[in-house]
Amino acid sequence: MSNNIPVIISYGGVNAAGRSVFDFAHKRMTYENQSQENKNETISSLSQLTGEISEDFNLKNSLIREIDRKFFEEHCLRNPDLPSKAGGQLPTNFDPAKTYKSRQHPRSLAMSVFAASDALKGIGIDWQNIVQKVSPEKISCVSGCAISTGDKFGMGGLFQANLVGSRTSSKHLAFSLGEMSADFVHAYVLGSMGATGNYMGACATFQYNLKIGIEQIKSGDSKICFVGASESGLIPEVYEGFSATTGLAEEKNSLNLQKKLHESSDYVNYEKICRPFGDNVGMSLGESAQFLVLMDENLAIELGCNIYGAALSSHVNADGFKKSISGPGIGNYITVGKTLNDISNSFGDDGLNSMFVHAHGTGTPQNRVTESHILSELCNVFNINNLPVTGIKSYLGHSLAAAGGDQIISSIGTFNDKYIPGIKTIPEVADNVYKKNLNFLLEDIELDRDIDFVLANAKGFGGKQWHCTDCFQEEN
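For the sequence shown, the positions run 1 to 476 when the working numbering is used.
Calculated from the structure, these hints are not laboratory results.
By construction, the Cβ of each residue, glycine as well, lies at the ideal position given by its N, Cα and C atoms.
Mixed in with the good hints there might be a few duds.
Have a look at the derived ranges for each label pair, beta carbon to beta carbon [what the hints assert, rightly or not]: (1) E443 with Q36: 18 to 28 Å; (2) E443 with G241: 46 to 56 Å; (3) G220 with Q132: 33 to 43 Å; (4) S169 with E263: 41 to 51 Å; (5) Q104 with E52: 21 to 31 Å; (6) N341 with Q36: 29 to 39 Å; (7) G241 with M193: 32 to 42 Å; (8) D448 with D349: 11 to 21 Å; (9) N385 with G197: 33 to 43 Å; (10) G241 with E263: 24 to 34 Å; (11) D448 with M193: 45 to 55 Å; (12) N256 with S35: 13 to 23 Å; (13) G197 with S324: 24 to 34 Å; (14) T245 with D221: 36 to 46 Å.
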């Protein structure tokens with residue numbers, strides 16, 4: 001393994017908050033605290049997706065909300081009566097498949113093409129100038145889904161077409177494959193011939209892929225690696241599956257919680273349905289595609305690329321023997337400890353006390369206890385006090401494979417504009433959340449001190465993952 005440092009030279013994506021490029025999605029989450037100029041730019045960006053110029057329309061039709069009534073009719077084979085109609089849907093009216101020549105492409109694959117294209121353009125250097133210095137087999141892409149490309153053009157169509165009187169097409173099987181996002185990026189965006197695939201790891205898939213990307217750059221196998229994940233969890237069967245696990249925030253339970261918190265209970269408050277670390281009743285699903293562009297540090301300096309940070313490490317550990325695959329386990333304690341140890345060994349106490357956490361923060365009663373205990377206990381071991389913690393699924397919902405990408409790319413936005421988005425869907429932290437050594441942010445916070453690291457935590461069924469990114473504030 002060489003000493004090549006994988007630096008982040010670009011990023012791109014799209015989720016319920018809009019486009020990641022130029023930190024538009026991050027600014028949507030911290031909209032109330034942005035300057036008027038940034039607000040205008042954010043609305044302008046959203047209007048390019050929605051086709052509507054009204055500020056009110058774009059604010060109401062982004063972030064978690066009630067899913068558009070026509071959504072399931074357009075993308076799925078049935079329009080079901082679901083236990084929850086909330087979701088982190090892409091901004092209303094936006095169809096990524098209409099942004100390029102596509103024919104019956106599953107939504108998550110079209111999202112991959114859109115997101116990777118934004119990441120490519122975000123480099124700021126003509127791609128042809130880059131490929132003159134880097135051979136095609138040294139340009140890799142790792143990206144994919146966690147559950148499936150489950151709409152009617154992917155696995156949904158493969159399994160259900162005959163049941164609704166249609167037929168299985170020649171594309172259904174291939175488009176159902178978990179690594180197809182990476183293959184689409186190679187074929188439609190990069191034209192590259194390097195490593196490809198998807199290190200599938202449930203809701204930690206983005207960070208699993210980041211682990212591969214880091215290894216590709218450090219080993220010298222790749223000079224450039226597009227690291228991503230793309231998934232739309234807005235599929236009837238996915239809703240029903242999470243509902244069966246009691247993990248979904250169902251509307252009847254949400255209304256009862258609103259009444260308990262003395263909020264209006266005349267209707268479901270979809271915007272507040274995901275409540276990480278507060279009194280809560282479950283998670284809400286979302287959709288997202290996110291990509292980081294990693295490059296060998298020396299090549300990045302030679303080309304004059306902007307450097308937004310460095311991906312230091314990504315750790316993956318399973319939970320050992322378990323009776324319930326979805327139950328809590330030891331793996332996440334190990335990965336948190338490894339990451340904090342990485343920072344301590346390289347940067348000492350100054351590093352440990354100049355970071356904040358993007359928690360997994362699903363909004364389930366179990367997560368608020370288990371994840372807070374992990375963070376609190378490991379802070380105690382490493383003598384970390386008042387560690388800032390946030391959870392942006394309160395804005396975006398759970399985008400499954402891409403959730404870690406949402407977190408990491410939002411953190412780059414924080415380093416650019418100094419705002420950490422707070423958990424604004426809860427009035428206070430729940431009584432059974434572990435609070436020692438932790439500072440749960442319930443409002444957007446403007447940084448008043450230097451923060452050099454962000455730790456993005458992601459959990460998967462049976463294996464727990466913790467990732468650390470060192471974000472430089474200067475651009476080279």
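Consistency of the hints with the structure:
no.: 1; hint: E443 with Q36: 18 to 28 Å; in the structure: 20 Å, holds
no.: 2; hint: E443 with G241: 46 to 56 Å; in the structure: 34 Å, violated
no.: 3; hint: G220 with Q132: 33 to 43 Å; in the structure: 19 Å, violated
no.: 4; hint: S169 with E263: 41 to 51 Å; in the structure: 47 Å, holds
no.: 5; hint: Q104 with E52: 21 to 31 Å; in the structure: 27 Å, holds
no.: 6; hint: N341 with Q36: 29 to 39 Å; in the structure: 44 Å, violated
no.: 7; hint: G241 with M193: 32 to 42 Å; in the structure: 37 Å, holds
no.: 8; hint: D448 with D349: 11 to 21 Å; in the structure: 19 Å, holds
no.: 9; hint: N385 with G197: 33 to 43 Å; in the structure: 41 Å, holds
no.: 10; hint: G241 with E263: 24 to 34 Å; in the structure: 29 Å, holds
no.: 11; hint: D448 with M193: 45 to 55 Å; in the structure: 47 Å, holds
no.: 12; hint: N256 with S35: 13 to 23 Å; in the structure: 40 Å, violated
no.: 13; hint: G197 with S324: 24 to 34 Å; in the structure: 29 Å, holds
no.: 14; hint: T245 with D221: 36 to 46 Å; in the structure: 38 Å, holds
Of the numbered hints listed earlier, those contradicted by the structure are 2, 3, 6 and 12.
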